[in-house]
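S.K.: What follows is each chain in one-letter form.
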Amino acid sequence: MTTTAENRAEVSAALADSAMALPRLRIDYQPLLIIPLLALLAMPLVGSFPTWVTLTVAGLAMGMMIFIMASGLTLIFGLMDVLNFGHGAFVSVGAFTATLVLLPMKNWVQADSVLLNLSALGLAVLLAMLVTGVLGWAFERIIIRPVYGLHLKQILITMGGMIVAEQMINVIWGAEQIPLPLPETFRGVFVFGDSAVEKYRLIAVGIGLAVFIAMFLVLNRTKIGLLIRAGVENREMVEALGYRIRRLFVGVFVAGSALAGLGGVLWGLYKETLTAAIGGEITVLVFIVIIIGGLGSVGGCFIGAILVALVANYAGFLAPKVALVSDILVMVAVLLWRPQGLYAVAKR
Amino acid sequence: MMLNKLLSGDFPRSRILAGLLLAIFLGLALAPFIASGARPLNVAATICVFIVLVASYDLLLGYTGIVSFAHTMFYGIGAYGVGLALNGMTPGWGAVSIGLACALTLSLLLALVIGLFSLRVKAIFFAMITLAVASAFAVLASQLSEFTGGEDGRSFKVPEILQPGFRLIDAEIFGRAVDGKVITYYLVFFSALALFLGMLRIVNSPFGRVLQSIRENDFRAEALGYRTVIYRTLGNCLAALVATLAGALMALWLRYVGPKTFLSFEVMTDILLIVVIGGMGTLYGAVIGATLFILAQNYLQTLMGQASEMLSDVPFLAQLLHPDRWLLWLGVLFILSVYFFPIGIVGKLRAGVRRKS
Chain A
1 MTTTAENRAE VSAALADSAM ALPRLRIDYQ PLLIIPLLAL LAMPLVGSFP TWVTLTVAGL
61 AMGMMIFIMA SGLTLIFGLM DVLNFGHGAF VSVGAFTATL VLLPMKNWVQ ADSVLLNLSA
121 LGLAVLLAML VTGVLGWAFE RIIIRPVYGL HLKQILITMG GMIVAEQMIN VIWGAEQIPL
181 PLPETFRGVF VFGDSAVEKY RLIAVGIGLA VFIAMFLVLN RTKIGLLIRA GVENREMVEA
241 LGYRIRRLFV GVFVAGSALA GLGGVLWGLY KETLTAAIGG EITVLVFIVI IIGGLGSVGG
301 CFIGAILVAL VANYAGFLAP KVALVSDILV MVAVLLWRPQ GLYAVAKR
Chain B
1 MMLNKLLSGD FPRSRILAGL LLAIFLGLAL APFIASGARP LNVAATICVF IVLVASYDLL
61 LGYTGIVSFA HTMFYGIGAY GVGLALNGMT PGWGAVSIGL ACALTLSLLL ALVIGLFSLR
121 VKAIFFAMIT LAVASAFAVL ASQLSEFTGG EDGRSFKVPE ILQPGFRLID AEIFGRAVDG
181 KVITYYLVFF SALALFLGML RIVNSPFGRV LQSIRENDFR AEALGYRTVI YRTLGNCLAA
241 LVATLAGALM ALWLRYVGPK TFLSFEVMTD ILLIVVIGGM GTLYGAVIGA TLFILAQNYL
301 QTLMGQASEM LSDVPFLAQL LHPDRWLLWL GVLFILSVYF FPIGIVGKLR AGVRRKS
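Each protein sequence line maps, in turn, to chains A and B. Residue numbers for the first sequence follow my numbering, so the first one is 1 and each next one is one higher. Residue numbers for the second sequence follow my numbering, so the first one is 1 and each next one is one higher.
It is worth saying that the hints were derived from the structure and are not from the lab. Note that the coordinates shown come from a computational prediction; the quantities given were computed from them, not determined experimentally. Heads up, a few of these hints could be off.
[Said to hold, decoys possible] Dumping the calculated DSSO-like pairs for lysine-lysine here, alpha-carbon to alpha-carbon at most 27 angstroms:
(1) B/K348 - A/K153
(2) A/K106 - A/K271
(3) B/K5 - B/K348
(4) B/K260 - A/K321
(5) A/K271 - A/K199
(6) A/K321 - A/K271
(7) B/K181 - B/K260
(8) A/K271 - B/K260
Could you build the full structure based on these sequences and the hints that come with them?
M.R.: Have a look at this one:
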């Protein structure tokens, strides 16, 4: 048993050309088809092809950013049955940490050179992930460890952690909005034919895909990934086999927090202004996405994120008032179809 | 005994607690005549409304053991129902009752749908769904500005007897004119009292006992033959209706509705903080918690401002004590209280009695 359909696809493909030792695993294609279907369906509705391209790329970029923020949360939930309502705090902290690099390094950021811009961004991302990773470790240690297995207390405590983190950001960085300008060469648009695509969105899509592929490879091709997937399926069994799942969990928590930090940097650059509430606002979207994907499923989370973002973008163009509640409508529709989310993880 | 009937047999069971409750009751009942000026009366009315709001939330969190983040949504529905009706129609009791009826129906439907939809699954699922629905509702309320007034909200006229210009009698009683504001205050106070006693009745009824058994062990409750989904959904609907009424009372008092006052997430976190600090699973916790919290919100911030000014030479500390940062301290208090005394103030007071006896 594996966690998601992609995993199954991957495994069965690998088996097909090696030995044919095991029966083929059935692949759950239906959710995978939703996104191309949706995009095709939207084309005639939007009307003009260039607009459609712009909207689709915007949706993909937004979806990738949401995925980066949500993936850690869904893994944490899947592995240890802990739902961190304070996940948004890591997003905020990540974004604010980026200002520590990007604002003082003005001449690198404003220089008209891809290399300097990229290294400034890289440094910012590195610092943000480092800080949120360490913070995640502390958060797990202090806030979450005493309340394993107690859902009610988890919700309350992590909410409390979120409040404190948000207020601490206000204390350290002040309560005013902080501008977070994009590096010089990432501004502007690429023009393909008639359609204009913002450069930064393409970069976000690239980073998102890279994260997804890296995560996919780690989960499916390494021993740690194998243990994580096994832990999601049956924690007690993995423990009984002698693996210290607690350590594994701390690792996943730190990685998930660092990913939220990365997502925060990307999201902050996308918004270009920062307030301490940025994490709280995104939390709702992240929750919707992991519910749609099926709690604990990384593949489902990926599809869910792109689905929500695409629908939000198309709806924003076609019927702006509907776009206000499009996330909820998507969630309701998906849950009516599959009450456990797109890819239900066993036993939950 | 009369008191026994009124409190539904659920006595404070602690002398200190009983004293505190009596003091709060008397303070609220005589508020217009104890203190002068508009601000203390405003604080007292806010306390009344919050006692009801928090107690209805405790019905969910403390008694049934489910976490909802949609409570402010129902509070907002009540406020907007009354507010928009009074704004759109001729201000009178007819408009109030139509608005209230619409709001109650909408709340009931929403609570029913959310409950049946998501209460089958785990508590955590319900928490996330309610968070999503509530935030969508808040966005709708602030964006559909032709209808709701958008971010600015709407202010409106209340029925004549409740208007500040109205005089019941010309003479002043203990230095306060008996005007519409005082009448509104007593409307709020007595409605809040009735709602609170009603809820006390509910939680001490067989129905309330079933809710508590679901909190303790839903599997066992199901095995005993209680349809837990039905009971949870009923609890959810009940809490939603009471929250709607609380919202309507608050709207009548403020003569204003707006998303920031009624729908923002801050109100939700306030409610959570009050329930946990006051004590989950006991309605008296709502009384103590709401009173302390609202008093602190209104008066502690002033103190913090003075402390912050005194420490203005020490930059970081001054920031920490800035009046806008008071939520930071409450958040810390919240985390500590979930860890170290999850039974809250009331639970501690009652436990103290039990140990002695």
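S.K.: Is the hinted pair B/K348 and A/K153 satisfied, with a Cα-Cα distance of at most 27 angstroms?
M.R.: With Cα atoms ~18 angstroms apart, B/K348 and A/K153 stay inside 27 angstroms; holds.
S.K.: Taken at face value, is the distance from the CA of B/K348 to the CA of B/K5 at most 27 angstroms?
M.R.: Since the Cα atoms of B/K5 and B/K348 sit roughly 25 angstroms apart, the hinted pair holds (cutoff 27 angstroms).
S.K.: Within 27 angstroms, alpha carbon to alpha carbon, are A/K271 and B/K260?
M.R.: holds, 23 angstroms
S.K.: Regarding the pair A/K321 and A/K271, is the alpha-carbon distance no greater than 27 angstroms?
M.R.: With a Cα-Cα distance of about 21 angstroms, the restraint between A/K321 and A/K271 holds, given a limit of 27 angstroms.
S.K.: Is the straight-line distance between the alpha-carbon of B/K260 and that of A/K321 27 angstroms or less?
M.R.: holds, 20 angstroms
S.K.: Does A/K199 sit within 27 angstroms of A/K271, going by the straight-line distance between their CA atoms?
M.R.: holds, 14 angstroms
S.K.: Does A/K106 pair with A/K271 here, judged by a C-alpha cut-off of 27 angstroms?
M.R.: This hinted pair holds, its Cα atoms lying about 18 angstroms apart.
S.K.: Under the criterion that the straight-line Cα-Cα distance not exceed 27 angstroms, is the pair B/K181, B/K260 satisfied?
M.R.: Within the cut-off at roughly 23 angstroms; holds.
Against the hints set out earlier in the document, no violation occurs for any number.
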